[in-house]
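Protein chains: 2
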Amino acid sequence: MHSTAEFQEKVKQIFSQIDLDAEPRELYEPISYTLGLGGKRIRPLLLLMACDMFGGDLNDALNPAIGFEIFHNFTLLHDDIMDQSPIRRGKETVYKKWNTNIAILSGDAMFALAYKYLIKTNEKVLPSLLTVFNQTALEVCEGQQFDMNYETMEKVSIGDYIKMIRLKTAVLLAGSLKAGAIIGGADSTDADHLYSFGENIGLAFQLKDDLLDVFGDEAVFGKRTGSDIVCNKKTFLYLKAFELAKGETLKQLEELFSSVGTDNETKIRKIKNIYSELGVEHFAEEAMDNYHSNALTHLQTIKVGTEQKQALTEFSTQLMKREK
Amino acid sequence: MHSTAEFQEKVKQIFSQIDLDAEPRELYEPISYTLGLGGKRIRPLLLLMACDMFGGDLNDALNPAIGFEIFHNFTLLHDDIMDQSPIRRGKETVYKKWNTNIAILSGDAMFALAYKYLIKTNEKVLPSLLTVFNQTALEVCEGQQFDMNYETMEKVSIGDYIKMIRLKTAVLLAGSLKAGAIIGGADSTDADHLYSFGENIGLAFQLKDDLLDVFGDEAVFGKRTGSDIVCNKKTFLYLKAFELAKGETLKQLEELFSSVGTDNETKIRKIKNIYSELGVEHFAEEAMDNYHSNALTHLQTIKVGTEQKQALTEFSTQLMKREK
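So the sequence lines, in the order shown, correspond to chains A and B.
Every position in the first sequence, counted from 1, becomes a number in the working numbering once 6 is added.
Every position in the second sequence, counted from 1, becomes a number in the working numbering once 6 is added.
So that you can see chain A by itself, here it is in the shape it has in the complex:
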């Protein structure tokens, strides 16, 4: 068994070995740049931990782990075009630094590259590994489309929101874990439980993201809070607030989220106050804890010893407790 730090070191190491010294540079430079932006590398970590949990050979898991992370970064690259986000991880996004065409195409190339790494593994697992990956990739696209739809949709329920974040975020964590389980030699029941573990962790993870964006400690969070509020993003907090608010509070919420005049600082402050008044933070935390606890139930069901599950148990708890 390896510690989280050891897995992290392993992931860092394999990432430093990716060779993107190819032509045309206009295609490969944005890929190097994107992969060099860093990030938490959660998906490859989960994949390695899952493989290790079943006693699998980590060497079979390294390249697929890179594949999942390249895929994730590809989706961010294309999302940034669609959302017109100029900054990612403190640096200019690809479409801003280069242009939209280069961002579209280098994203496409990353998708192909993800598959190149994905299939460098034990041939026996390819059919199930690819089935998980393909389904996940398609669902992530579905999630992004729902997300875009919701921007202009009048009525979005919390159920709609959960469906969207399940597709956009949770299935990729779940898919990484299931891929690791498959490579590690898990039977299909265990692999499916690990998938469900990941799905629930993913939902909790996104709720934590929603919470941090509003209630995070800026000094630790590393960026300004309130960006979801400024963009009128229909997060769990937003939707819960509209579900709970009545009378004057509801009117205020509606005005604040439709106003273009209010300056951002005032808007954030007023909405945070309403959120606190309504207690939406606690509803979000409760939902998050429920998903986390569902996740752990699935993990417990898996037929390996507690010690083998330790890395994933600890890591998932860390994700829930994180302050950035």
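Read the hints as simulated data drawn from the structure, not as lab findings.
Do not rely on the hints blindly, as some may be mistaken.
One copy or two, either will do: identical chains are not told apart, so a pair holds if it fits within one copy or between any two.
[As the list claims (entries may be wrong)] Derived pair list, reagent style DSS-like, types lysine-lysine, alpha-carbon separation capped at 30 Å:
hint: 1; residue 1: K252; residue 2: K229
hint: 2; residue 1: K103; residue 2: K169
hint: 3; residue 1: K16; residue 2: K278
hint: 4; residue 1: K102; residue 2: K161
hint: 5; residue 1: K97; residue 2: K130
hint: 6; residue 1: K330; residue 2: K252
hint: 7; residue 1: K103; residue 2: K239
hint: 8; residue 1: K161; residue 2: K103
hint: 9; residue 1: K126; residue 2: K169
hint: 10; residue 1: K46; residue 2: K122
hint: 11; residue 1: K239; residue 2: K315
hint: 12; residue 1: K278; residue 2: K239
hint: 13; residue 1: K169; residue 2: K239
hint: 14; residue 1: K16; residue 2: K239
hint: 15; residue 1: K315; residue 2: K257
hint: 16; residue 1: K240; residue 2: K103
hint: 17; residue 1: K102; residue 2: K122
hint: 18; residue 1: K239; residue 2: K102
hint: 19; residue 1: K229; residue 2: K126
hint: 20; residue 1: K278; residue 2: K257
hint: 21; residue 1: K276; residue 2: K130
hint: 22; residue 1: K102; residue 2: K240
hint: 23; residue 1: K122; residue 2: K229
hint: 24; residue 1: K273; residue 2: K126
Here the structure of chain A is known, so what remains is to put chain B in place on it, guided by the hints.
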């Protein structure tokens, strides 16, 4: 052995069975629309013919054939955004009919979908099938990037152009054929010869495209000729003309291709005249015939009987003789 018409019928049939009745509709409708635009379906035809040539089971080839065609259509969808082309096959392109975000995302989903179909085949061939497909997909992106680079590059040689069309067009025909060979049980030498056959056919195919765009008979071609001239596209004809032209003719060419004032009809007429004067049409035909003949040499080397090669021999000759 089957006839070209039988293969075409088979391809038509499997295409009519693709199920895209999923949510969100904003993601899947543009995919249905794109796949419904038709086209020559050359890549799936080549894949089936290749499989059949080696006596393979066509049922193993049907889904991968769809996979290659979905991939091809995905690249067209994204190319249309990058090239800002409003019309494809007589209909509005996806980014025009919907919007750029939907075009980016439904393209991404098509890429994932291509893989879903690709892997529905005999599991034993998956590693080699995926290796060919991944490499091809990456090279097609490289080709598109070179194509975009050439738009603003001062000096493009015919060698550069051939490298670009090899990547952008030829490798996908080659990859489809090699995939068919692999599924059909060919040994690697034969599969590689079929790949080279496809590469050469692909280059000849693109030169034929360049020729038809300028010298095609509009009544048969089905659309206006001269669109490459209007866009100042650096085709084989353009590059050969600049290579050969001297003095007054060179000056005229430079003026015509840099002018924004000249009306399109006059520009097309004048450039066609210069092309004819310089004989670039014949150089293009000669190059095309050379590639075709190289292709046939590779086909002849393959260790199956002449009868088994008939479908591909005939089909490649048809592609060279086509008037649209």
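Hint-by-hint comparison with the structure:
1. K252 <-> K229: Close neither inside one copy (32 Å) nor across copies (61 Å); limit 30 Å.
2. K103 <-> K169: Between. Shortest inter-copy distance 27 Å satisfies the 30 Å Cα cut-off; intra-copy 33 Å does not.
3. K16 <-> K278: Answer is neither; intra-copy 40 Å and inter-copy 61 Å both fail.
4. K102 <-> K161: between (32 Å within a copy, 27 Å between copies)
5. K97 <-> K130: The answer is neither: 41 Å in one copy and 44 Å across copies each exceed 30 Å.
6. K330 <-> K252: neither (32 Å within a copy, 66 Å between copies)
7. K103 <-> K239: Answer is both; intra-copy 25 Å and inter-copy 26 Å each pass.
8. K161 <-> K103: between (36 Å within a copy, 25 Å between copies)
9. K126 <-> K169: between (32 Å within a copy, 28 Å between copies)
10. K46 <-> K122: both (22 Å within a copy, 29 Å between copies)
11. K239 <-> K315: neither (36 Å within a copy, 60 Å between copies)
12. K278 <-> K239: within (14 Å within a copy, 56 Å between copies)
13. K169 <-> K239: within (16 Å within a copy, 46 Å between copies)
14. K16 <-> K239: neither (36 Å within a copy, 48 Å between copies)
15. K315 <-> K257: Classified as neither: same-chain Cα gap 49 Å, cross-chain 75 Å, threshold 30 Å.
16. K240 <-> K103: So K240 and K103 pass the 30 Å test inside a copy (28 Å) and across (27 Å) alike.
17. K102 <-> K122: Classified as within; 27 Å inside a copy, 32 Å across copies.
18. K239 <-> K102: Both, since 22 Å and 27 Å are each at most 30 Å.
19. K229 <-> K126: Neither: 37 Å inside a copy, 46 Å across copies.
20. K278 <-> K257: within (15 Å within a copy, 68 Å between copies)
21. K276 <-> K130: Classified as neither: same-chain Cα gap 57 Å, cross-chain 61 Å, threshold 30 Å.
22. K102 <-> K240: both (25 Å within a copy, 28 Å between copies)
23. K122 <-> K229: neither (35 Å within a copy, 39 Å between copies)
24. K273 <-> K126: Classified as neither; 50 Å inside a copy, 52 Å across copies.
Hint compliance for this structure: hints 1, 3, 5, 6, 11, 14, 15, 19, 21, 23 and 24 are not met, and every other hint is.
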